[in-house]
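Visitor: Just so you know, the sequences run in chain order W and L.
When we follow the numbering used here, the leftmost residue of the first sequence carries the number 108, and every step to the right adds one.
When we follow the numbering used here, the leftmost residue of the second sequence carries the number 108, and every step to the right adds one.
Take these hints with a grain of salt, some might be off.
Which copy? The list can't say, so a pair holds if one copy fits it or any two copies do.
BS3-like mimics (lysine-lysine), calculated; alpha carbons at most 30 Å apart, straight line [stated by the list, open to error]: (1) Lys-207 to Lys-251; (2) Lys-573 to Lys-349; (3) Lys-496 to Lys-349; (4) Lys-570 to Lys-328; (5) Lys-527 to Lys-510; (6) Lys-187 to Lys-207; (7) Lys-130 to Lys-166.
Think of the hints as simulated: they come from the structure by calculation, not from any bench.
Protein chains: 2
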Amino acid sequence: MNKQRELVKKDNMAEWYQNVIEKADLAEHSPVKGCMTIKPYGYAIWELIRNELDILIKKHGAKNMSFPLFIPYSYLSREKDHVEGFSPEIAVVTHAGGKKLQEPLVVRPTSETIIHESMRRWIYSYKDLPLKLNQWCNVVRWEKHPRLFLRTSEFQWQEGHTAHATEQEARQEVESMVELYYNFIKDVLAIPTVKGQKSEKEKFAGAVDSYSVEALMPDNKAVQMGTIHYLGLNFSKIADVKFVDESGAENFVYMTSWGVSTRLIGALIMTHGDDKGLVLPPKVAPVQIVIVPIGNTLETAQRLFNELNNSGFRVELDDRQDVRPGAKYFENEMRGIPVRIEIGEREIENNEIQCVNRVTGKRTVLSLGSDYIQSIKDLLQEIQSTLLKNATERMRNSVVEAKTKEEFSDLIENQKGFIKACWCDEKECEVSIKDKTGANSRNLPFAENEKELTDCTCVWCGKKAKKIAYFCKAY
Amino acid sequence: MNKQRELVKKDNMAEWYQNVIEKADLAEHSPVKGCMTIKPYGYAIWELIRNELDILIKKHGAKNMSFPLFIPYSYLSREKDHVEGFSPEIAVVTHAGGKKLQEPLVVRPTSETIIHESMRRWIYSYKDLPLKLNQWCNVVRWEKHPRLFLRTSEFQWQEGHTAHATEQEARQEVESMVELYYNFIKDVLAIPTVKGQKSEKEKFAGAVDSYSVEALMPDNKAVQMGTIHYLGLNFSKIADVKFVDESGAENFVYMTSWGVSTRLIGALIMTHGDDKGLVLPPKVAPVQIVIVPIGNTLETAQRLFNELNNSGFRVELDDRQDVRPGAKYFENEMRGIPVRIEIGEREIENNEIQCVNRVTGKRTVLSLGSDYIQSIKDLLQEIQSTLLKNATERMRNSVVEAKTKEEFSDLIENQKGFIKACWCDEKECEVSIKDKTGANSRNLPFAENEKELTDCTCVWCGKKAKKIAYFCKAY
């Protein structure tokens with residue numbers, strides 16, 4: 108049973124991950140190195156993620172629009188840190204329309220520079236502020252070691268870009284976007300994350316401060332789920348984005364940017380999947396319920412399908428004639444469908460159905476006479492909650508504290524989780540940690556840094572500690 | 108009143124068009140030559156178009172997915188006509204990740220070649236057919252004379268790609284997509300089009316046959332609204348896309364592709380707009396109703412807003428304090444909002460509202476006691492129908508027949524509309540027409556070609572005519 112072994116999640120996460128993506132038919136590497144093809148089932152998950160998040164972003168007050176794919180190289184290079192950070196990853200168009208271009212064009216790795224150029228022309232006075240824009244698009248950052256969904260040279264994402272009259276307001280924007288991402292990932296993807304500030308080494312190229320929400324995978328490697336940047340005046344000074352305030356004085360605007368990408372799907376797969384394959388939270392499952400008729404029950408199954416479909420569930424009737432029920436169960440479990448309904452001839456006699464919970468395997472018998480629609484709704488909600496509860500418990504049990512350098516190295520080497528430690532918060536120290544252990548600081552969690560530190564020395568260099576940080580290897 | 112003059116539509120369509128886009132804040136040219144920035148109001152129209160069409164495409168049985176932005180140059184060049192057709196327009200990435208690429212990558216001008224490469228791996232037997240895929244994405248075709256929405260170097264579109272077991276089935280797919288686009292553009296955008304086959308000269312590079320739906324703008328220039336290609340075996344032979352049929356024999360698949368783009372918005376602006384600015388059909392209006400409170404009526408206006416909003420209308424309350432009602436009317440007319448509701452103090456006394464129809468200017472008084480929600484729904488439907496009716500009448504009156512070469516040249520030169528003529532359907536003849544008149548055949552309309560032609564000679568070269576064609580200059 109070679110196939111089965113490849114799917115034991117804890118034995119080899121990397122192999123398991125690749126296998127689930129292949130067998131659940133989510134995506135594949137494209138012939139273009141580093142790029143991926145997202146297949147219909149995987150793309151349906153992305154559409155659900157996008158639609159849910161888009162509602163929240165619009166409620167937050169940002170408006171969708173579309174900026175060009177290409178950025179003149181000179182724009183990118185205006186901000187020194189920004190160009191240094193992105194240069195090794197950019198793809199460059201040198202020829203177009205049959206001619207060599209006078210100035211090479213960069214395929215956007217992120218759109219700050221070109222959006223700020225527009226903001227300069229669109230913002231006149233305090234009445235135009237705050238300005239909150241968002242776009243859903245593809246970006247390109249050349250990737251030497253691609254991994255489906257987690258790291259690909261081209262990926263889909265949303266990028267929000269805002270401009271504000273005051274630092275306070277921009278900082279408030281950052282705070283509220285951290286909360287928005289945190290809640291979205293928790294409530295919709297059923298994944299708990301840690302909110303915190305990125306270190307100097309790990310922050311966005313060109314930002315004053317960066318923040319992230321970080322998830323911990325079952326193999327105790329981290330995934331950065333979303334980032335939120337306070338750009339201060341760094342970019343507005345360079346792009347000359349000013350506004351006239353109420354007193355008539357001209358000032359630079361304070362800026363932020365924030366984004367999440369298709370890598371959310373990578374974290375979704377790893378967080379909830381099991382040895383039977385993919386497990387999807389009902390809120391982002393393209394198919395929430397699959398109905399499998401057994402024996403001579405197709406007519407009832409079809410009626411049930413119509414009722415559930417009309418009630419707004421995403422439901423599929425697996426009426427294939429040439430596949431046995433057992434094989435259907437196997438396949439539909441692999442695809443992570445939260446609820447399976449079985450209807451056999453005996454069920455029809457008793458006017459009932461059997462519901463199987465994908466997460467627990469538990470069967471529930473529902474009478475079709477009762478309000479079974481409400482019961483199925485409840486079951487889906489229960490599955491959504493169970494997945495979050497399980498993932499939250501796992502993460503809680505995987506935050507481990509390191510008091511000494513030896514403990515720290517040992518915990519990192521054995522991938523014990525988020526390694527919590529007192530830290531000096533200095534760049535050189537983090538470079539040394541990365542060199543020696545392969546780990547980075549994930550972030551400086553807000554919750555752990557509420558109080559000022561006293562009498563605590565850096566776990567790595569022994570200097571006076573300034574922060575509590577979570578360290579971890581990451582995808 | 109310089110501003111007003113710029114907005115007289117019939118005087119100078121090009122200037123009027125540019126003005127409406129600017130004043131209604133739809134889009135602008137970006138600093139990257141040929142590319143555009145679609146602003147929030149314009150992008151909201153695109154989102155509505157996309158969402159409506161996406162439902163139809165999914166119902167049609169195509170599944171959304173995402174293929175890479177980049178195509179290896181060698182793929183593009185496999186099909187001789189295809190590469191010849193697209194070479195002058197492509198943008199080429201030569202450097203990425205800090206290195207010169209071994210093989211240059213083309214930024215997709217269309218995705219046939221890379222999608223077919225995947226189809227080769229995904230299709231095994233007749234059970235995998237038909238395969239219908241679609242993606243919403245950006246493509247790049249370098250444009251020397253860009254015009255917002257109508258011709259830009261980068262544009263947004265959807266591209267459908269299908270594979271079939273038989274020619275008949277693929278031809279049926281083409282037919283049903285022609286109908287789908289025709290109906291969508293008529294029912295949602297309120298634009299009538301002419302369905303027909305493209306000439307040999309105008310067909311898609313690499314297709315066996317191409318088809319289009321063509322709209323006629325008020326200045327009597329045409330816009331190709333959507334294209335549908337029967338690719339036959341041309342691409343499947345090159346990409347080696349085969350399937351095993353029911354008898355066990357291996358055959359090549361028959362293919363089609365079809366797409367519409369953001370140029371639909373260009374046609375929308377030109378078709379319905381007037382001297383007051385943009386006019387939007389309610390089905391794609393980001394704001395269907397604007398409420399303007401006059402005097403001390405804000406409370407009632409707010410209640411009305413809530414009621415309409417909860418009833419599913421896209422409604423805006425224009426409660427700006429520093430703008431007079433007249434200026435609000437002017438601005439909201441410019442933005443093409445189909446219905447304006449005015450509430451003054453007298454209206455409140457009488458428990459009524461005034462509704463103004465953006466197209467006719469007609470006022471209707473509605474009692475808030477009656478079922479005013481239904482009345483507003485009816486009004487929006489009436490506006491949608493009126494726009495289609497007006498555009499249909501205009502197009503019907505602009506199909507003019509040319510019997511002689513002189514008549515033909517004269518009608519083209521004076522931009523009289525779709526010039527209907529008997530035609531030899533030969534490439535050299537069309538090249539000569541284009542050279543001399545600047546016009547192309549738009550298509551060979553199905554309706555006009557139902558019967559075989561007899562005793563009819565080509566309007567241009569005098570040979571025996573084979574088809575009836577519509578000729579016109581085009582955007």
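Visitor: Each hint should be assessed against the structure and marked as holding or not.
Guide: How the hints compare with the structure:
no.: 1; hint: Lys-207 to Lys-251; verdict: both (27 Å within a copy, 14 Å between copies)
no.: 2; hint: Lys-573 to Lys-349; verdict: neither (35 Å within a copy, 64 Å between copies)
no.: 3; hint: Lys-496 to Lys-349; verdict: neither (47 Å within a copy, 48 Å between copies)
no.: 4; hint: Lys-570 to Lys-328; verdict: within (27 Å within a copy, 75 Å between copies)
no.: 5; hint: Lys-527 to Lys-510; verdict: within (9 Å within a copy, 86 Å between copies)
no.: 6; hint: Lys-187 to Lys-207; verdict: both (26 Å within a copy, 23 Å between copies)
no.: 7; hint: Lys-130 to Lys-166; verdict: between (37 Å within a copy, 26 Å between copies)
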